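> Line order of the protein sequences matches chains A and B.
Heads up, the first sequence is in my numbering, so the first residue is 1 and it goes up one at a time.
Heads up, the second sequence is in my numbering, so the first residue is 244 and it goes up one at a time.
What the hints contain is simulated information worked out from the structure, not anything from laboratory work.
Any given hint could be a false lead.
Unchecked claim - Here chain A is said to cover these stretches of chain B; the calculated rule only asks that three of the stretch's residues, wherever they fall, bring their Cβ under 8 angstroms from a Cβ of chain A:
{"no.": "1", "region": "306-312"}
{"no.": "2", "region": "449-463"}
Unchecked claim - A few chain A residues facing chain B, derived, Cβ under 10 angstroms:
{"no.": "3", "residue": "Trp62"}
{"no.": "4", "residue": "Val131"}
{"no.": "5", "residue": "Leu137"}
{"no.": "6", "residue": "Ala155"}
{"no.": "7", "residue": "Asn166"}
{"no.": "8", "residue": "Pro168"}
Model, not experiment: these values are computed from the prediction.
From the three backbone atoms N, C-alpha and C, an ideal C-beta is built for every residue, glycine too.
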Amino acid sequence: MLNYFANPRRFMKLSGILTPWMAGATLILAGAGLYLGLFASPADYQQGETVRIMYVHVPAAWMALFCYTGLAISAAVGLIWKHPVADVAARASAPIGACFTFLALFTGALWGKPMWGTWWVWDARLTSMLVLFFLYLGYMALNSAFDDPQRGTKASAILAMVGFVNVPIIKFSVDWWNTLHQPASILRMDGPTIHPDMLWPLFLMIGAATAYYLWVLMLRMRRELTEGRVRARRQIQAEEAGA
Amino acid sequence: MTGFRAILERDLRLALRQGMDSVMVVMFFVIAVVLFPLGVGPEPNTLARIAPGVLWVAALLSVLLSLERLFHNDFEDGSLELMALSPPSLEIVVLAKVLAHWLVTGLPLIIAAPVLAILMNMPADGFALLILALLLGTPALSLIGAVGAALVLGSRRGGVLLALLILPLFIPVLIFGVGAVEAAIGGFPARAPLLLLGAIFAATLALCPWGAAAGLRQALE
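With the rest of the complex left out, here is chain A (with noise of 0.2 angstroms):
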């Protein structure tokens, strides 16, 4: 499984069938999601209309740590078995998780204002999602520091693993400290508390964000793996006219 996609042409194939199938998934679940989420369900008793922020708020930080374990795995990958194709898409999921996760905290201050009466608190749901923004800014900036590439993409691929330690802590935040942030109400041993009118369109928020996720990563893996082959033609070229 893991040798078959080593091979970035088999990969190029497979990712040339699902990108538009992602696409539509996407614009679909989006659809739907807007739609029940904006229109047909109720507003809360207690939060009114505010409440309607969490079908793009809760998708987003769901993807701010799903893309962080998609790129630690990637990189573990990558790193253990020198796989190409992993470390293409290490280097492709962080962009992706880096707006996601602004996106999170952005969503979470507009809520915050008129709920909590403040834009910001140092809580430890809040600290360790910005800490997560900052792991995926380092990320970034250190794959993109080294004049070679193979560089960067290893020295990324420990911090990579070396960050995911905060994943956990983030997950269980609400749990082990007192916040002001709400505990998790989905994934829940006894059962969700959301009334099935407002977990169903924030289910196809989440679908339809991972489904966005799945979508851009590939084109941007697409794109990358295609640029080198660019760059390998160009290379190839530059040496026989030169000969």
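Chain A is already provided as a structure; the job is to place chain B on it using the hints.
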């Protein structure tokens, strides 16, 4: 073990003969702390309130400042490659260099901290805990920093990059370090934050040498 001692002694001797390293770090620490009364205003109660945080942040930045040189000179003149080829594993080399780094920079900071705490008008209840927390926290900072210092070897703009990579990872040490001192000042038990600091130290001691050694290996390739 002989390899560990040899590298430790070599690094300490180099630091002592070139002299300025410890002095510079402590000077930076002092000046960074002194800026706060000038910036915030010399009102004693305000200073006492922010003293633990200011001391910890300044200590953190001082460690960061010295970290860039942890492997840099040895990498430039090639001695790091010889160390990698020598019998002790690279993890042991990292541990020896981190210990030397802590003795040269971390320990002087801890000695200077109580003096600065007096300047910052920190309540006397916090002094013992401040030293204890720094004793547990600064080695962890050196260990985490070693990973970053190994990763940025040979990069463009190493110093700034190192700060970007390492400071987010320093945050837990900062939180629990300040937490311990503030608990002691407020009259609460400081056991929990101290235990967490100890846990961070133990975890970094076990894990960071591997990470730093992996970073050095790919830098030497």
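> Decide, hint by hint, whether the structure agrees.
Tested hints:
Restraint check on the region 306-312 of chain B versus chain A: 0 residues with Cβ-Cβ distances below 8 angstroms, three needed, restraint violated. Residue count for the region 449-463 of chain B with a Cβ under 8 angstroms from a Cβ of chain A: 5. That meets the three needed, and the coverage hint holds. The interface hint given for A:Trp62 is violated, since its Cβ lies 21 angstroms from the closest Cβ of chain B, which is over the 10 angstroms cut-off. Hint status for A:Val131: holds, given a least beta-carbon distance of 5 angstroms to chain B, under 10 angstroms.
Hint status for A:Leu137 relative to chain B: holds, with the closest Cβ pair at about 7 angstroms, below 10 angstroms. With a least beta-carbon distance of about 4 angstroms to chain B, the hint placing A:Ala155 at the interface is held under the 10 angstroms criterion. At its closest, the beta carbon of A:Asn166 sits 8 angstroms from a beta carbon of chain B; the interface hint therefore holds under the 10 angstroms criterion. Of the supplied interface hints, the one on A:Pro168 is violated, with its beta-carbon coming no nearer than about 13 angstroms to a beta-carbon of chain B, more than 10 angstroms.
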